[in-house]
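Q: If you want the building blocks of each chain, they are given just below.
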Amino acid sequence: MAAGPMKMRALLGQGYTDIRVLMNHPMETGQRKDPDGKLVPMHFIQNLTVKVNGRTVVDAQISQAVSRNPVFSFRLKGGAKGDKIEVSWLDNQGESNSTEAAVA
Amino acid sequence: MRLAAFAALAACAALAQAQDSAREIQRYRQMIAEGSPAELFEVEGEALWKKPEGPKKVSLERCDLGEGPGVLKGAYAHLPRYFKDADSVMDLETRLLHCMTTLQGRSREEATRRVFGSADRPSEFESLSAYIAAQSRGVRIAPGMSHPKEKASYELGRALYFHRVGAWDFSCASCHGDEGKRIRMQELPVLYKPEAARPVIATWPAYRVSTSQLVTLQWRMNDCYRQMRTPEPTFASETTVALIHFLTATARGETYHGPGNKR
Amino acid sequence: MNRLRRTLLAALALGLARPLAALAAWNKDAFGAKTPGDALKSLGVAGATPSKEVVIDAPEIAENGAVVPIEVSSAVPGTTALIVVIEKNPFPLASRFDFRDGALPYAKLNVKMGETSDIRVLAEAAGKYYSATKEVKVTIGGCGG
Chain A
1 MAAGPMKMRA
11 LLGQGYTDIR
21 VLMNHPMETG
31 QRKDPDGKLV
41 PMHFIQNLTV
51 KVNGRTVVDA
61 QISQAVSRNP
71 VFSFRLKGGA
81 KGDKIEVSWL
91 DNQGESNSTE
101 AAVA
Chain B
1 MRLAAFAALA
11 ACAALAQAQD
21 SAREIQRYRQ
31 MIAEGSPAEL
41 FEVEGEALWK
51 KPEGPKKVSL
61 ERCDLGEGPG
71 VLKGAYAHLP
81 RYFKDADSVM
91 DLETRLLHCM
101 TTLQGRSREE
111 ATRRVFGSAD
121 RPSEFESLSA
131 YIAAQSRGVR
141 IAPGMSHPKE
151 KASYELGRAL
161 YFHRVGAWDF
171 SCASCHGDEG
181 KRIRMQELPV
191 LYKPEAARPV
201 IATWPAYRVS
211 TSQLVTLQWR
221 MNDCYRQMRT
231 PEPTFASETT
241 VALIHFLTAT
251 ARGETYHGPG
261 NKR
Chain C
1 MNRLRRTLLA
11 ALALGLARPL
21 AALAAWNKDA
31 FGAKTPGDAL
41 KSLGVAGATP
51 SKEVVIDAPE
61 IAENGAVVPI
71 EVSSAVPGTT
81 ALIVVIEKNP
91 FPLASRFDFR
101 DGALPYAKLN
111 VKMGETSDIR
121 VLAEAAGKYY
131 SATKEVKVTI
141 GGCGG
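Chains as they are written, first to last, in the working numbering: chain A, 1 to 104; chain B, 1 to 263; chain C, 1 to 145.
Keep in mind the hints are simulated off the structure, nothing from the lab. Quantities reported herein were computed from a predicted structural model and do not represent experimental measurements. Keep in mind that a hint or two might mislead.
EDC-like mimics (lysine to aspartate or glutamate), calculated; alpha carbons at most 20 Å apart, straight line [unchecked claim]:
(1) C:88 to C:118
(2) C:108 to A:59
(3) C:108 to A:95
(4) B:51 to B:64
(5) C:88 to C:53
(6) B:149 to B:67
(7) B:84 to B:187
(8) A:38 to B:120
(9) C:137 to B:187
(10) A:33 to C:98
(11) C:41 to C:98
(12) C:28 to A:59
(13) C:128 to A:86
(14) A:81 to A:18
(15) C:137 to B:24
(16) C:134 to C:101
(17) A:77 to C:118
(18) B:151 to B:85
(19) A:77 to C:53
(20) B:151 to B:61
(21) C:28 to A:95
(22) B:56 to B:120
(23) A:7 to B:120
(24) A:81 to C:101
(25) A:7 to A:18
(26) A:51 to A:100
(27) C:52 to C:38
(28) A:7 to B:85
(29) C:88 to A:28
(30) C:34 to A:28
One-sided excerpt, in silico: chain C residues whose CB lies under 8 Å from chain A [what the hints assert, rightly or not]:
(31) 98
(32) 99
(33) 110
(34) 134
What follows is a list of derived Cβ distance ranges for each label pair [what the hints assert, rightly or not]:
(35) A:93 to B:232: 32 to 38 Å
(36) A:35 to B:109: 21 to 27 Å
(37) C:32 to A:96: 40 to 46 Å
(38) B:257 to C:116: 30 to 36 Å
(39) B:102 to A:34: 33 to 39 Å
(40) C:35 to B:179: 44 to 50 Å
No residue lacks a Cβ here, since even glycine has one placed at the ideal position from N, Cα and C.
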């Protein structure tokens, strides 16, 4: 499930919008050995971007210390139902993925 | 006198510390449950449910999980149950296997080649279980308990729970039979008691953070027997179904709220 | 003709690659640093004032170091970034979040911890840094799940 699914929900709370995004990624540290005893190469997400209606609001740089199959929550000031949220990531091997959801 | 007072104080402090640890671990579990990657498996499972497979090139969408062909809402919460077309009691994974062989025309051998997956490659049973179980969120757990074969399955499961086997002469109850037992920080629930079975069964299948895998009840039964050092039980066999039936029946009445998260 | 097409394709590919490259700003020195001090130096952090307005919510004990949930936030006015450092990890810097207008200085994530360690969070506001620390003990669970 290397470039598997992402899942996101964005909910309007009291004065803020709560975003939760799940992404499928092995987040390999480069220190783990496979069953044959060979080191599994480093493979982890480095950049994560959150956009609201096309405008970047969160720019994150992350390390291999983020757990496998990452789950992130972010909060936006205010927000309105129907706002388009887009989250994308880019990893150290050049793979990327993104997902979109409307604030509910 | 002073020594006794000191000892009592030390005991109290130790107890308070143990309670603090238990509370903090509870909080840890709650925090990991709030962001469960189990949902990723639900997405994957939905795609698999709708994907044509096997010689007949059909999807599982017409599979009858007990509520009618293709009905998913509440189906998991009412399993295991008796199926007339197979004349046997089936849990979710057994029923899925049945649909794979009947609807999709796959051989049992091919369909069971990879029933438990890995972090890199989940088994289709794992993703499908996550998707289907999720459609029972908010539904009360009520496995079949009326048909004579359902009663027999429950009784068999109960007997197996206490039946000692293997080189170590272990039964499920050897570990899950007395209050207060634990392995390191993991307490061992006394699963024949409803109050212990309810929160456990209500969250299976589950994402296991230590292995990054979605684990199912068939896997849990298999792995417990492995830890008891017995030969591996057959996937979707009468025994594993009966044990799952017994545990689920013990948890009946609880509202299903999985797939959950395990450490 | 063929060569022109190839050049055009190459130019197009370059054009497409550019936004990705812009996104790929990842502080290699800071993330590659082996001590918290070196990591912070690479991020340009000279010093930080301890502040109760930087909040770390994490369990005191984690049953599994592979997944330690943490929630970080800052009530320091004008916070534009949060930095998460796991002091005893082989590479201590775990993440840096930059918040633009519209986002609250808040993030929740799961991190790996090799052993019991302090987690240090720094908030950046108007070029100054504010910090908080919290210890998380890492234990290991039983055979179940």
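Q: Where does the structure disagree with the numbered hints, that is, which hint numbers, in rising order?
A: 3, 5, 7, 10, 13, 16, 17, 20, 22, 27, 28, 34, 37
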